[in-house]
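Student: Listed below are the residues making up each chain.
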Amino acid sequence: MEDLLVRIICRLVVPFVQLYGLYVITHGHLSPGGGFAGGAIVGASMILFALAFNLEAGSRKLSHDISLLMESGGAIGFILAGFVAMLLGQNFLTNKAAGFPLGVPGNLFSSGAIFFFSVAIGFKVGSTMCTLFYNLIEGSDRHRSSE
Amino acid sequence: MIDIEVLSKLFNNYYYFAAIILFIIGFHTMLTHANLIKKIIGMNIMETAAFLIFVSIGYIEGGRAPILDEGFDQIYMNPLPQALILTGIVVAVSVTAYALSLIIKLYQHYGTVDADEIARIRSYKP
Amino acid sequence: MNLNYEHLPVIIVALLLLAAFLEPIVYRHKKSWAAPLVIASMAFFALSSLYLMAAVNYHGPFNYYLGGWAPPFGIELEIDYLAVFLLLTFSVIGLIAIVYGLQDLKHGLKDEVLGWYFTLYLLLMASMAGISVTNDLFNMYVFVEISAISACAIISIKESRECIEASLKYLILSTLGSGCILLATAMLYMITGHLNIGYLNDVLPRVMSHYPNNILISLGFFVVGYGVKAALFPLHVWLPDAHTAAPSPSSAVLSGLVIKVYAAAFLKVFLKAYPREIFLEIPVMEIVLFLSVLAILYGSIVAMVQEDIKKMLAYSSIAQIGYVFLGFSLMGQRAVAGGLLHIFNHAMMKSMLFLAAGIIIYSTGIRRIRDMKGLGVKLPLTMGAFTIGALSMVGIPGTNGFISKWQLALGALDLGRPIIVVVILLSSLLNCLYYMPIVINAFFGVKGEPELEIGKVPGVMLYSILFLGFGIIFFGIYPAPLLAFLQKTVTAIL
Amino acid sequence: MTTGIEIFLLTFLIVCAVAVAYLKDLLSAVIVFGAYSLIMAINWQMLGAPDIAITEAALGAGVTTFLFIATISKTRRSE
Amino acid sequence: MWEGDELLGMYWQAIIPLWVVLFPIFMTPAIFILSKRSEKLRDGLSVLTAVITFFSVASLYPFVMEGKTIEYTLFQILPELGVTVRIDILSFCLAILSSFVWMMATIYSLDYMKPEHGKNRYYPVLIFTLGATLGIFFAGDFFTLYVFFELMSLVSYVLVIHEETPTALKAGYKYLIMTIIGGLALFFAIIATFELAGSVSLSKGVLVSKPSTLAFFAFVCYLIGFGMKAGMFPLHVWLPEAHPVAPSPASALLSGIMLKTGAYGMLRVLFYVFNIEVVQSARWDLLVAVLAVITILLGSAVALTQFDLKRRLAYSSIGQMGYVLLGMILFTEQGLVGDIFHIFSHAFMKSTLFLAAGAIIWKTGLRNINDLAGIGRKMPFTMGAFTIAALAMIGIPPLNGFLSKWTLSLGALEAGLPIYVVILLISSLLNGLYYLPIIIAAFFGGEEQEHAHGEAQHVEAGINLRGEATAKMVIPMVILGLGCFFLGLFPSNIAYELSLKAAVFLFRGGM
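Chains as they are written, first to last, in the working numbering: chain A, 1 to 147; chain B, 1 to 126; chain C, 1 to 494; chain D, 1 to 79; chain E, 1 to 511.
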């Protein structure tokens with residue numbers, strides 16, 4: 001797929017795809033989508049990039065170390081965000097009763113912890129997608145398994 | 001007539017009907033095909049079929065997607081199955097990805113992705 | 001801030017997950033901290049389970065609403081006697097296995113995947129803890145999937161071709177099982193509109209006469225689903241390969257705990273969600289009983305002809321999981337308590353046997369039973385522990401295997417089924433036929449020093465199996481408090 | 001009429017599933033499976049589940065197909 | 001003051017059974033650890049343990065003769081099932097007998113085992129088995145009894161295969177499998193009893209008072225479990241393999257004492273689980289009787305065809321255990337006296353015989369009966385003890401074998417079954433046929449050929465044919481042989497008194 005046309009279009013499209021993915025992630029509580037879907041879109045954009053150019057270019061954009069950090073960091077962030085409610089004296093992952101607002105339609109930052117949850121999941125899913133793809137393509141020189 | 005009754009029942013519940021058929025196709029593909037990649041595809045079909053049943057349970061004729069909007073008096077779909085299925089899809093994809101990575105490794109060891117052939121190779125060279 | 005004990009179950013699961021995700025980062029940047037992190041999280045798991053058990057025993061069971069959402073919409077955790085019992089079993093055996101594993105894995109695994117092994121191990125533990133405490137069928141499904149993937153992954157981590165093949169086989173069949181569980185859950189949700197086990201139990205008696213087909217389908221699919229995962233007899237095909245190929249600590253955990261957690265999930269679904277009247281109309285428990293009897297006999301007979309020690313232990317597991325299902329499907333007070341007791345006892349015995357086999361493989365490289373002649377002279381403590389485990393498997397009084405057999409047999413007689421007792425006795429005899437020759441060969445019939453190359457056995461490995469061996473004896477002599485606790489558990493369930 | 005479309009979509013799903021089972025060429029099977037996922041995504045939308053629709057489109061049709069193709073490129077194409 | 005002393009005495013007597021069981025068991029690791037340090041210490045400690053155990057048991061004598069029973073539960077293993085300790089006259093009989101023979105066998109072992117390997121294993125196991133055997137006799141319920149029964153059976157496996165030759169291993173494997181089968185049958189029986197009666201205690205009177213299918217199966221399983229140990233007819237197959245291959249002191253214990261645990265268990269079953277009425281009304285006794293008769297005749301007949309000395313003794317044991325089984329289902333007091341007394345007699349006779357055979361084998365290496373001609377002149381004490389015991393076996397008065405057979409016959413006549421007397425006579429005749437030739441040949445036969453080349457061969461092989469074995473071996477043997485003599489001399493000796501009291505006690509309902 002080392003085609004000039006493909007590369008140029010990819011260069012053009014990928015930022016928009018990623019932007020869309022971020023939108024889906026952050027507006028998970030307001031419109032269809034959320035962390036899972038948005039993360040997958042972002043991840044897919046990275047895969048697209050890697051496919052259009054080549055693997056080295058792709059992994060230069062998102063190195064294995066960073067990907068690992070994001071993957072673990074997303075999950076850790078999610079759990080830590082869940083603990084916040086507990087520190088406030090409520091049950092794990094509690095949103096409304098812990099004092100966070102439940103959300104006003106149309107307002108991005110109106111829903112408290114859910115925003116953080118979405119972002120964390122988005123990170124996690126997106127980076128996991130990339131890792132999975134790289135692993136499949138690169139073969140067995142690096143071992144990795146999915147979560 | 002019983003036959004017509006059954007048929008009409010099936011027709012009225014066509015989502016369930018289709019989902020069960022898909023489930024059986026997936027199940028069958030997964031169990032009977034020797035090719036491992038086919039098996040994984042069958043697995044995906046089977047899981048989507050199960051998801052389909054789940055979501056169609058929450059489906060209400062004429063209802064709207066469960067998104068809170070200006071008008072509060074509308075009928076919404078049951079959001080619970082949908083939320084669950086999201087998780088389910090992600091799980092399914094991870095299983096698929098993991099299985100595929102195993103298949104690739106297996107191919108590197110055996111040079112084939114056919115379960116029968118692998119069994120033959122194994123029994124040939126103990 | 002009021003962090004009372006009611007938060008503990010969720011803290012356990014969350015912290016295990018947290019540690020699991022931290023592990024790869026830690027392993028990459030500060031390698032020496034990785035192992036202590038695993039040990040610390042497992043130790044925390046064990047200690048808090050112990051505390052939780054004491055708390056539940058004292059204050060009674062309690063429920064926890066995840067995210068503050070009350071059921072039927074939110075996910076509910078129910079921490080009852082059963083849950084704490086399972087938590088304690090999993091945590092203690094898991095802790096011992098990983099303490100042992102630290103040495104064994106360094107020897108058996110490539111350096112760069114060790115961190116991933118820890119991650120997967122913690123994920124497995126977290127998911128098992130999740131299955132134990134959750135009271136929501138869908139949540140259970142998710143945890144079951146996580147545990148399936150992580151269990152497969154800790155098999156395939158060795159990357160030999162046997163491991164990968166076994167792991168793939170396990171994955172495919174396990175996913176098949178998950179699909180069945182999911183479909184069955186959907187069927188129940190279709191007719192009741194609930195996923196919460198407590199609510200299901202309330203609603204099902206009212207709707208069961210209207211939807212007999214759905215009930216039937218759901219029962220069948222649950223049996224197949226959990227049966228595949230727990231390796232109930234005709235659905236066990238993945239188990240021997242998988243448990244043989246895995247690294248020894250993995251085998252210990254897989255055989256000792258992972259198949260048990262599905263049996264426990266089976267118990268939860270069948271005896272807590274479904275009303276008892278269903279089993280009078282649909283003889284599904286009779287079928288399970290029949291299958292478990294077949295499993296007991298089949299597993300024992302096939303184990304006799306195995307040459308590889310781990311394979312033999314794996315087949316023995318098939319027979320032993322039969323005991324657990326036997327106890328559950330009899331549905332009597334004593335029988336279910338016996339099944340639960342056997343979960344605990346077999347977890348100890350089988351992990352001990354696998355770990356002992358691991359030591360043998362670690363220090364001599366011998367896997368074939370035939371080659372183990374005279375091993376008792378060279379590895380007296382290991383083989384001594386193995387002997388205790390073997391005696392316990394046979395059901396010699398003074399070991400915990402005897403107690404669970406006693407309880408199961410009494411439970412069967414309670415329900416007027418002496419034939420089940422005969423099956424149990426027959427299988428004990430078969431167990432004797434394949435465990436005893438190993439022990440005899442190891443200790444007796446060798447004149448002088450056998451010619452075996454023996455590597456040094458690390459103390460940690462030895463201590464962990466000795467600890468388990470001590471536990472086997474201890475719970476064989478003093479099972480009274482455990483049994484009293486299980487009696488309470490069963491009374492709550494039935 | 002909605003019912004007609006729904007039934008058409010479901011029939012299409014079944015046809016795709018059967019086709020996947022019968023196609024000897026793995027790549028074609030994967031492509032058909034991609035189509036299956038897309039139809040499934042539309043189906044979710046019809047069932048009033050846009051969340052799942054988006055996720056299915058991204059994950060099922062997108063990523064899974066990528067992964068399958070990657071696998072086939074690493075192994076062998078025909079059954 | 002006086003009352004306090006009495007109370008203290010009671011406590012002490014209550015503790016003795018526990019002490020007697022636990023002391024050898026706890027000494028086992030001590031002996032094992034010390035055996036690494038010095039052999040002398042190990043041997044001394046083993047003998048000391050056996051002696052202390054014997055005297056501890058003996059100190060119960062005055063207490064038991066008063067006809068008192070003590071029972072208490074130590075702690076619970078399962079709900080309603082615990083480790084229970086109980087002393088009554090029957091358990092005392094068996095306990096005093098086994099600890100005495102054990103003491104003798106342990107002393108005998110000191111020299112016998114010198115050339116053997118694996119002594120560091122032998123002594124701890126020997127002592128542990130003592131504890132487990134006494135545990136069987138002092139058990140207060142069938143559960144405890146079962147636990148110790150299994151322990152004893154399993155641990156004695158190590159004694160059986162001590163020599164570790166392929167033959168020994170094969171015999172040991174057979175022994176192990178049969179033991180496990182017997183144990184499982186017992187398991188079923190006890191669990192069925194528990195299900196039927198809600199208790200397996202010995203102090204609850206008759207546990208099962210109505211015949212039913214389950215009760216019948218329980219009875220059969222008891223018979224399998226205990227009969228297996230006692231060498232009853234279809235289940236005796238392990239015995240002639242296992243007893244000869246064990247080292248001689250162990251054979252003496254296996255044949256002399258451990259077989260008796262099966263008989264003891266059967267006695268307890270017949271009088272405590274079921275009772276006479278149940279067994280007789282359901283005609284279950286017929287089953288036991290037929291098997292016992294077959295056992296007697298088969299044991300004696302097959303012994304004739306055996307030419308390995310120890311094998312012949314082993315088959316003889318099977319026949320003798322048939323008497324014991326037969327005696328208990330006569331259900332007459334006289335028969336029971338004979339039965340319990342025969343347990344005593346047979347223990348003395350058979351251990352003497354095995355120890356003597358062991359001495360011969362140790363000294364000369366000869367196992368075949370045909371090679372033993374003239375041995376009596378070289379080893380007079382050994383063969384003397386052998387002769388006394390063999391004559392007692394045949395039932396020559398005034399030896400103890402005669403007394404027990406006499407009492408058994410009286411019991412059979414009392415029960416109205418003269419056919420049993422005929423069987424006893426036939427069996428005695430057979431006994432005579434296979435024991436007498438040994439004795440005659442030993443004292444009067446085979447001088448020439450022995451001197452001509454037999455000895456030359458042995459001298460070449462480096463074995464000294466002349467003279468006795470060492471004192472440590474001869475003395476226990478002679479003591480046991482004299483025991484055979486004195487216990488038969490008057491029908492008012494200590495063993496007979498004990499048997500009488502035990503029989504009366506059992507007939508009173510065992511309370």
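Note that these hints are calculated values from the structure, not bench results. One should not assume that every hint holds.
[As the list claims (entries may be wrong)] So these bits of chain A aren't anywhere near chain B, every CB distance computed over 12 Å: (1) D3; (2) R7; (3) G39; (4) A40; (5) F53; (6) N54; (7) L69; (8) M70; (9) L87; (10) F116; (11) I121; (12) V125; (13) M129; (14) F133; (15) I137.
[Said to hold, decoys possible] Derived contacts from chain C toward chain E, CB cut-off under 7 Å, selection only: (16) W33; (17) P380; (18) P397; (19) L410; (20) L413; (21) L415; (22) I419; (23) V421; (24) S428; (25) M436; (26) A480; (27) P481; (28) L482; (29) F485.
Here a beta-carbon is modelled for each residue, glycine too, at the ideal position from N, C-alpha and C.
Student: Are the hints correct? Go through all of them and say.
Tutor: Checked hints:
Every beta carbon of chain B lies more than 12 Å from that of A/D3, the smallest distance being close to 26 Å; the non-interface claim holds. Even its closest Cβ contact with chain B, about 26 Å, leaves A/R7 beyond 12 Å, as expected for a residue assigned away from the interface. The Cβ of A/G39 sits about 9 Å from the closest Cβ of chain B, inside the 12 Å cut-off, so the non-interface label is violated. The Cβ of A/A40 does not lie farther than 12 Å from every Cβ of chain B; its closest approach is about 8 Å, which violates its non-interface assignment.
In this structure A/F53 is separated from chain B by more than 12 Å, as the shortest Cβ-Cβ distance comes to about 22 Å. A cut-off of 12 Å between C-beta atoms confirms that A/N54 is not in contact with chain B; the least separation is 19 Å. A cut-off of 12 Å between C-beta atoms confirms that A/L69 is not in contact with chain B; the least separation is 19 Å. Distance check on A/M70: its Cβ is at least 16 Å (rounded) from any Cβ of chain B, clearing the 12 Å threshold; non-interface status holds.
For A/L87, the non-interface assignment is confirmed: its Cβ lies about 25 Å from the closest Cβ of chain B, beyond the 12 Å cut-off. For A/F116, the non-interface assignment is confirmed: its Cβ lies about 18 Å from the closest Cβ of chain B, beyond the 12 Å cut-off. At roughly 9 Å, the least C-beta separation between A/I121 and chain B is not larger than 12 Å, which violates its mark as non-interface. A cut-off of 12 Å between C-beta atoms contradicts the statement that A/V125 is not in contact with chain B; the least separation is 7 Å.
A Cβ of chain B approaches the Cβ of A/M129 within 12 Å, the least distance being about 9 Å, so the stated non-interface status is violated. Its beta-carbon lying about 8 Å from the closest one in chain B, A/F133 breaks the requirement of being farther than 12 Å from that chain. Not every C-beta of chain B lies more than 12 Å from that of A/I137, the closest at about 9 Å, which undercuts listing it as non-interface. The interface hint given for C/W33 is broken, as the beta carbon of that residue sits about 41 Å from the closest beta carbon of chain E, more than 7 Å.
The beta carbon of C/P380 is not positioned within 7 Å of any beta carbon in chain E (closest approach about 11 Å), and the interface hint is therefore violated. About 4 Å separates the beta-carbon of C/P397 from the nearest beta-carbon of chain E, less than 7 Å, and the hint is met. Interface hint status for C/L410: upheld, as the beta-carbon distance to the closest one in chain E is roughly 6 Å, under 7 Å. About 4 Å separates the beta-carbon of C/L413 from the nearest beta-carbon of chain E, less than 7 Å, and the hint is met.
At a threshold of 7 Å, the smallest CB-CB gap from C/L415 to chain E is about 10 Å, leaving the interface hint violated. The restraint placing C/I419 at the interface with chain E is violated, with a minimum CB-CB distance near 11 Å, outside the 7 Å limit. The restraint placing C/V421 at the interface with chain E holds, with a minimum CB-CB distance near 6 Å, inside the 7 Å limit. Taking 7 Å as the C-beta cut-off, the interface hint given for C/S428 holds, the closest approach to chain E being about 6 Å.
For the restraint placing C/M436 at the interface with chain E, the shortest Cβ-Cβ distance is roughly 6 Å, inside the 7 Å limit, so the hint holds. Taking 7 Å as the C-beta cut-off, the interface hint given for C/A480 holds, the closest approach to chain E being about 5 Å. Against a cut-off of 7 Å between C-beta atoms, the interface hint on C/P481 is violated, since the closest Cβ of chain E lies about 10 Å away. A distance limit of 7 Å between C-beta atoms decides the matter here; for C/L482 the minimum to chain E is near 11 Å, and the interface restraint is violated.
Contact between C/F485 and chain E, as hinted, is not supported at the beta carbon level, the nearest pair being about 12 Å apart and thus beyond 7 Å.
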